[in-house]
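A.B. asks: All chains, please: the whole structure from these sequences, using the hints.
Each chain, written out:
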Amino acid sequence: MARLSLPTTARLSSTLRVDPTNITVIKALNRLSRPSLLSLVLDWLDERNQSLCPPLLRRPDAEEYEDEDDFYPPAQSLSELRELYEAMQLRKGGRREVVDRVLEGDWRYGLSLYQLAMADLQYLYDHPGSLKWTAYRIQRLQTPGHEDDAEGPEIADKESITVPRFHPSTFLQNLQAEVLPDVKAHYNFDRPKGMPLLLLRIFIIDSPYNTDLAVSTRHRGRPGLASSGSSSSATTSFDASRTIYIAFPDASPHIYISKSANAATASSTAGGAAGEAKSLRALVVEGVPKALSRPRERYALKGTGLSTKNLGAMLAVKGAGRANAAGGGWSVYAGTETADLKADNPLQTLKTLPTPPLSDASSANDDTAENTDYGRKRRRLVDPDEAEDEKQQKRARAAAQARFGDAAKVDDGKGVERLDVAIEDPFPTDTAIPPPDGDYDARRGAGAGEPSRRKSKGRKSILDLSLSQEDLEDVSNERGRGRANEEGEESWAPRVRLSFHGSHVFAGLRQLVEAGIVDGERMPGWMTGEEGVTAGAVRHGRIKGFRGSGV
Amino acid sequence: MASDEIQSPELSVADQLDSEIASLRSQVESLKQELKLQTATLITSESTRQILQTSSTRANDSSRLQELSKRADEQNAHKQQCLYRACASITTFKVRDPDPGAVDDGKVLGLRFEVMSKSRFLRPYYVMLNRPYPNSRHLRVHRHTVPQCIPLSGLAARHLPPPTAKDDYDAPKKQDLSKFARTLRRELVRYHNRTAVIGDLRSAAGLESKKGKAKELKDPIADISAADAQAKQIRVEWSDGRTGRLIMTDDGDIVKMVVQGENGQDRESVKQLIGESVRIEEVAKRLESA
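One line per chain: the protein sequences are A and B, in this order.
Take the first sequence: its position 477, counted from the start at 1, is 476 in numbering that gives the first Met the number 0, and no numbers get skipped.
Take the second sequence: its position 32, counted from the start at 1, is 31 in numbering that gives the first Met the number 0, and no numbers get skipped.
Worth flagging that the hints you see were computed from the coordinates, not collected in a lab.
Calculated pairs, DMTMM-like style, for lysine to aspartate or glutamate (alpha carbon to alpha carbon, straight line, at most 20 Å): (1) B:172 to A:156; (2) B:270 to B:280; (3) A:408 to A:336; (4) A:157 to B:175; (5) B:172 to A:158; (6) B:178 to A:158; (7) B:117 to A:339.
Some chain A residues judged to face chain B by a derived CB distance under 10 Å, without partners named: (8) 165; (9) 335; (10) 519.
Which chain B residues stay away from chain A? Per the calculated CB distances, all over 12 Å, these: (11) 10; (12) 135; (13) 162; (14) 177; (15) 180; (16) 201; (17) 277; (18) 278.
Values in this document were obtained by computation on a predicted structure and should not be read as measured data.
For glycine and all other residues, C-beta sits at the position ideal for the given N, C-alpha and C.
C.D. replies: Take a look at the structure:
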C-alpha cells in the first residue's frame, strides 16, 4: 500500500485486492455454479494471470507450515494448486466447498479487482439474460463552422460519410478523463466467445483514492480514518448496480449499454441506490460520446428505441450484418446462406429466384393454382370442410412467410422479450359514440378500462386478438384521452398502448399468423419486427420516424 | 464375442444400405436439377419458340399450349434479367410492400447491386426506395441490406435529400437517383476490393494455407487483418512481437505505415514490407515474391 493516498483521477488498478469478507466478493462468487466457478479458478491459476491474481503460496525456503488451525494450508506451487482444483472438478460436491477454499484459503488476502471482473463476466456468460441492453447509434455531429457556434445545439451531420472507428485503449483514456475525480472506476475489456463484440465492464467505487483505501471495508491500524464516513461509504459503494457494461459490436456504429435487468426490484428495496445507479449510467452515457470524439470530429449517441436482454437479437438488428435495415419479410433479401447465394445469382439461369410471396403477381397465382389443384384432388377423398381448412392453413403459412420471411423463427435465438407500442391514430369518426372529452373521462372512471377496449375492437383486429392470446398478454389500454389537435374534433385519438411479452415476441406473432389467428395480410408492419424497435409510437399503421430504414 | 462377430457384418450391411440410399438420393437430386436445366434450355431455344408459335395458330389443345408458352416467356424474361444483372451491375425492380399501412400503396422501387469478389458473384446488395412524402415524388430509402460499414445514410442525405418544407426559403434540393446509385455502388465495390486485397496479403504471407511458406522467413508475419469497419486500416503482426498499422485510402493507395517494435518505431520493417510501393496490391506482390 502506498504510504500516501492522494486523490487522483487515475483508474483503479486491476491488481487492487478486495477483502474476502466483503459482501460483494462473497456474492459474486456465490452466484456462480460449481463448474463455472472451478473453471474460473483454473483460469486465475493460469501462468499468464499470475501478475493479476496470484494465490497465496508457501515460500519454498520457509520451514514447515505450522499453523495447525489453518483449515486450508497454502499450497507449495501453482501446479499443486491447479491439480487440487482439477481434482475438485472431477469430484462431486457443493459450491460452498470451492467458495470457502478460495476466500479463506488460497486468496485469503483478497481477490483482485480483475478476479472480481472475471467472476462477474462469467456470471454474465452463464446467464445471458441477466442484463437488459439498450442500443445507441453513434452519430457524427457537424463541426461548428465558427467559434460562436461551438456552444450551440448539437446538429447531426447527416451527410457525413465516415464510419465511426473505435479504438479500445484510446477510448478508455478519454472516458477516464470524463469521469469525475471523486469516483473511481475499474475497467475490464473482454471478448465473449462466439459474439462479434467487445465488452467493457466498468465497476465504479465512490472513493477519491486509487489505492487500497478505495476498496477496503476496514482500515487496519487506522482507527482515525475508519471512524466516520469513509468506511460506511465504502460498504455502500460496493453495490452490483454500480457495474455498467458497454458492448461495442464489431464493424457497426452502435453501442449497447447495459441496465441491470432487476433494476426494478432494486428500486423497491433501496430507492436511493437505484437512483444513484441511474445517474451513474446517465453519466456514462454522457461520457461515452465525448470519449469517442476527437478534435474536429464530434459524435453523439442517439437512442434507437431498441432494448432487449438478448445480445444475439441485438447483433442481428444493430450489428454488422445485412439484416439491420431489412427485418421481417425483407429478410429474404438479406440472407447469405449458400442456398440464398445460389438462388440469387445472375448466373443462375433457372427460374428459382426468391420472390417473396404476395409481392409479385405471378407467384401468388402459382400458389392459388396449386391450392385449388390440391383442393380438387383432396375433395374427392375427404370432405370439403377439411380441404378448406387445409387450404386456409396453407394460405396462412404463405402469408407468414411473406410477412416474416426467414426471420422470427422460434429457435433462431434472436428473441426480443418485450415490444411496447403506443398507437396514436385518430379515432375513426364513423363510429356511433361521439367523443366528448370530459364526459367520456368521467364514464371511464367507473367503467375501469372495459369501454375503451370494446371501442378499439372495431377499429382493428389486433386488440381482441392479443387479448385472447396468452403469450400476448398484458394489453394495457391507457386512459383514453381527448387531445386538442389542429384538425379539431375529428382527430381525437385514444391513447392505446400495447405491450407484448414472451420469450420471443415476433416468433410468437409468426406462429399466430401461421395458425390463422392473426390475418397475415392485414397485420400492420410493426408486428413483424421489421422496424427493428422494441418501443415506438404508431401513426397510420407505421412506427413514427421512418424506423427500420437504417438511415 | 460370437454375438459381436455376427453383429458387425449386420451393422456394416445396414451402413452400406444407408450410404447407398444416400448416394441414390443425391443422384436423384442432381438428375432432377439436370432435368430442370435441360427443360429450361429447351423451352427457351429458338426452335421451340417457333414450334410453339406455329402450333398456337392451329390451337388444338390450347390450355396446355398456353401454359407451355407462358413458361417459356417467364424463362426468357428471367434469362434476360440474368443477362442484365451480370452485365450491368445496377439493376432495378419493383416490389410491393406487404405492410397494409405502407405508404404510396406499398409501391417500392428496388435497386440491386451486383458485387463480385474472388471471381464470384456475391449475394447482391439491395436498396428499396419508396415515396413517403405527401405531394412530392421524392424518394426515400425504405429498407436496405447494405452493411453498416458503408455510409449509406450519408450518401442518401447527399443525393436523395428530403423535400424542403414550405416555410424553408432554401432552394429546393434536387434528388439524383442515378448519382446515388453510382456512388453507392462505388463504395460497395471499393469496400470489397479492400477486403479482397487484405485476403491477398494474408495468402501472400502464407497465413491462409496450413503449411505455407511462413516457416521459411526469419520473422514470419503472424497475422494480417482489417483493423476498422471500413477495412481502410490493416493490422500487421509479426511473430516476434512487432505490430504495424497500414492506412490506405478508399481506393487502396497507401497513406502511411507505422511499425512498433520493442524499441519504439521500427522504420526498417516498414521499408522491408512496403518498399517503394504506392498501392496496396504492390505490397501483396512484394510479399508473394519475398
